[in-house]
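As a plain string of letters, each chain reads:
Protein chains: 2
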Amino acid sequence: MSRINTDFEEKLRAAAEDTVAAINAALSQAPDADEIARPPRLVEAMRHGVLNGGKRLRPFLVLESASLLGGERAAALRVGAALECLHSYSLVHDDLPAMDDDDLRRGKPTVHVAYDEATAILAGDALLTLAFDIIAAPETDLPDRAKTELVLALARAAGIGGMVGGQALDLAAEHAAPDADGIVTLQSMKTGALLRFACEAGAIIAGSPAEERRRLRTFGELLGRAFQIADDLLDLTSDSQTMGKATGKDAARNKATLVGLRGQPWAESELERLIEEATALLAPYGERAESLVAAASFVAWRKS
Amino acid sequence: MSRINTDFEEKLRAAAEDTVAAINAALSQAPDADEIARPPRLVEAMRHGVLNGGKRLRPFLVLESASLLGGERAAALRVGAALECLHSYSLVHDDLPAMDDDDLRRGKPTVHVAYDEATAILAGDALLTLAFDIIAAPETDLPDRAKTELVLALARAAGIGGMVGGQALDLAAEHAAPDADGIVTLQSMKTGALLRFACEAGAIIAGSPAEERRRLRTFGELLGRAFQIADDLLDLTSDSQTMGKATGKDAARNKATLVGLRGQPWAESELERLIEEATALLAPYGERAESLVAAASFVAWRKS
Chain A
1 MSRINTDFEE KLRAAAEDTV AAINAALSQA PDADEIARPP RLVEAMRHGV
51 LNGGKRLRPF LVLESASLLG GERAAALRVG AALECLHSYS LVHDDLPAMD
101 DDDLRRGKPT VHVAYDEATA ILAGDALLTL AFDIIAAPET DLPDRAKTEL
151 VLALARAAGI GGMVGGQALD LAAEHAAPDA DGIVTLQSMK TGALLRFACE
201 AGAIIAGSPA EERRRLRTFG ELLGRAFQIA DDLLDLTSDS QTMGKATGKD
251 AARNKATLVG LRGQPWAESE LERLIEEATA LLAPYGERAE SLVAAASFVA
301 WRKS
Chain B
1001 MSRINTDFEE KLRAAAEDTV AAINAALSQA PDADEIARPP RLVEAMRHGV
1051 LNGGKRLRPF LVLESASLLG GERAAALRVG AALECLHSYS LVHDDLPAMD
1101 DDDLRRGKPT VHVAYDEATA ILAGDALLTL AFDIIAAPET DLPDRAKTEL
1151 VLALARAAGI GGMVGGQALD LAAEHAAPDA DGIVTLQSMK TGALLRFACE
1201 AGAIIAGSPA EERRRLRTFG ELLGRAFQIA DDLLDLTSDS QTMGKATGKD
1251 AARNKATLVG LRGQPWAESE LERLIEEATA LLAPYGERAE SLVAAASFVA
1301 WRKS
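First to last, the sequence lines map onto chains A and B.
Under this note's numbering, think of the first position of the first sequence as 1, with each following residue one higher.
Under this note's numbering, think of the first position of the second sequence as 1001, with each following residue one higher.
Pulled out of the complex, with its shape left as it was, chain A reads as follows (with noise of 0.2 Å):
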């Protein structure tokens, strides 16, 4: 294993450690004088649907790419950390019953099977909620500037033209097979916008310029993609074991992907492509990039 890989490893978990515990703390204070109790059993649902061992991947963008331009690390791991209960309140709901129906998540039960329906839906609205509450608290020491900032570009990245579109898309694939562009249109709101947001955060977090914020925007818009056909390569070739929830779904659910229109080698030379533009894009930065480089060539090539 070269050093690179070994240094983007121990950097991934640290990230990994750091993003749990900031969520861990802002899910163990005391409720704030603008609120008024907080049930120990929606805050259990809320961290069996966060903590739930991930690999963290878009809170380590958001650090890494804060990293490069200048952003404090205290700052990013408060907006990776919200970034995080988001992606996960997505995940819970995802698994519904009336969405997804999916029992397993990492291997432990979802959070309607440990706890019920009704819980596993306000664990997923509090979490989403509680994402906007952890950018614009004062622990989070950034300018208002760029927590309104980092407010609106998450908000668009969740929202009806971002990931939650994506998925009331996705649910009409189900019934009418979109082509190439719809599935492309479909992936880059559904799981793409998320790690689109991840890297360009680290722009505003840093302060940059519009052009360096462009960049990093680009950036996570090519590693989206790669994650993707990533994703269906996996569902297609990988076991239940490794990925640590159902695989084969799309197939047995007849749902049309980039790789089952195109063929797996057709796949492979995209996910190479992607990766090249994607360093290339990053070349300006020399070495201090090389993470989320490293980063990119992870998403493309992981194993689960």
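The set of hints was computed from the structure by calculation and includes no laboratory data.
Heads up, a few of these hints could be off.
[Claimed, not checked] A partial selection of chain A residues facing chain B, derived with a Cβ cut-off under 7 Å:
hint, residue
1, Ile121
2, Leu128
3, Gly161
4, Leu169
5, Ala173
[Unchecked claim] Derived SDA-like pairs (lysine to any residue); straight-line CA-CA distance at most 25 Å:
hint, chain 1, residue 1, chain 2, residue 2
6, B, Lys1255, B, Pro1265
7, A, Lys255, B, Ala1037
8, B, Lys1255, A, Tyr115
9, A, Lys255, B, Pro1265
10, A, Lys255, B, Lys1255
11, B, Lys1255, A, Pro40
12, B, Lys1255, A, Arg41
13, B, Lys1255, A, Asp116
14, B, Lys1255, A, Glu35
15, A, Lys255, B, Glu1117
16, A, Lys108, A, Glu72
17, A, Lys255, B, Tyr1115
18, A, Lys255, B, Asp1116
19, A, Lys255, B, Glu1035
If you're wondering where the values come from, they're calculated on a predicted model, not measured in any experiment.
Where is the CB? At the ideal position from N, CA and C, for every residue including glycine.
Given chain A, work out where chain B should sit, using these hints.
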């Protein structure tokens, strides 16, 4: 009917109309540069959930408390629209089969009946997310400091320690009836927190000093308690045609209410007392507080 009541009803109607226009504008706009596409069916389901003929009491409170303290109406309208999106999401999720399982809302089919359960979950998620989008967006003409405070106060009023927490306590109350204190906590979270936010938001929009913000906040708390007692009374005494939704549900579910514990005469005198206290709180503003005082009476003595 007295002049005050006529004025109040006219202002409430105008506020509702302007709020609906503001929500419509937010839902109708083409995808922003930060968005990818807006799935029409999801937007329709969101419209169904939010453009439902509601009285728009919360936006009215935002408008009137902002106006009392010198805040701009245009900004208050945006914040009111955001709050109404958030309130509506909570109704859409509350009506779901796994929650209250309601088929009717203001005499119309609920979102999961008109569309489907998955779409109702996503429409609720998207309305919640849109609330934060609307506050942070450039179209909301407020300093970044005020936007950050509004996002934080709204997230706290709506989250674990506020509305969603109250919904979780409400689920638990079906299995183990809370005592009077427990009911007060539950209700102050489930319905009180957003009404409190509505009044406090006016002070944030106006950039008022802490003392005025506290005063409006307390006014909102009293109004919230009156609202809930009136709601419990209506559930006991009104019919479903007047309410546009099922009534008598609290008793049918054995759900503990203060009115159930303490009786209707107590409830009526408690309403008098709360309205007197709320009115006294705004006495320093004289006639300028007329609409807010009328709103408190309206909340206490409404017939639906």
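Less than 7 Å between beta-carbons is the criterion; does isoleucine 121 (chain A) satisfy it with respect to chain B? Hint on isoleucine 121 (chain A): holds, closest Cβ of chain B at ~6 Å, below 7 Å.
| message | Min Cβ distance, leucine 169 (chain A) to chain B: is it shorter than 7 Å? | response | Given a least distance of 5 Å, the restraint on leucine 169 (chain A) holds.
With the threshold set at 25 Å, check whether the alpha-carbon distance from lysine 255 (chain A) to aspartate 1116 (chain B) stays at or below it. Holds. Lysine 255 (chain A) to aspartate 1116 (chain B) sits at ~20 Å (cutoff 25 Å).
**Q.** Restraint check for lysine 255 (chain A) with glutamate 1035 (chain B), where alpha carbons must lie at most 25 Å apart
**A.** Since the Cα atoms of lysine 255 (chain A) and glutamate 1035 (chain B) sit roughly 24 Å apart, the hinted pair holds (cutoff 25 Å).
### Task
For the pair we were handed, lysine 255 (chain A) and tyrosine 1115 (chain B), check the Cα-Cα distance against 25 Å.
With Cα atoms ~21 Å apart, lysine 255 (chain A) and tyrosine 1115 (chain B) stay inside 25 Å; holds.
Exercise. Does the structure keep lysine 1255 (chain B) and glutamate 35 (chain A) at a Cα separation of 25 Å or less?
Worked result: holds, 24 Å
Just to be careful: measuring from the Cβ of alanine 173 (chain A) to every Cβ in chain B, is the smallest value less than 7 Å?
violated, 11 Å
With the threshold set at 25 Å, check whether the alpha-carbon distance from lysine 255 (chain A) to proline 1265 (chain B) stays at or below it. violated, 60 Å
**Message:** Holds or violated: lysine 255 (chain A) and lysine 1255 (chain B), Cα atoms, limit 25 Å.
**Reply:** violated, 44 Å
For lysine 255 (chain A) and alanine 1037 (chain B), compute the direct alpha-carbon distance and say whether it is at most 25 Å. Given that 25 Å is the threshold and the Cα spacing comes to 20 Å, the pair holds.
Next on the checklist: Holds or violated: lysine 255 (chain A) and glutamate 1117 (chain B), Cα atoms, limit 25 Å.
Outcome noted: holds, 20 Å
Starting from lysine 1255 (chain B), check that the Cα of tyrosine 115 (chain A) is at most 25 Å away, please.
-> holds, 21 Å
Consistency note: the structure conflicts with the earlier hints numbered 5, 9, 10 and 16.
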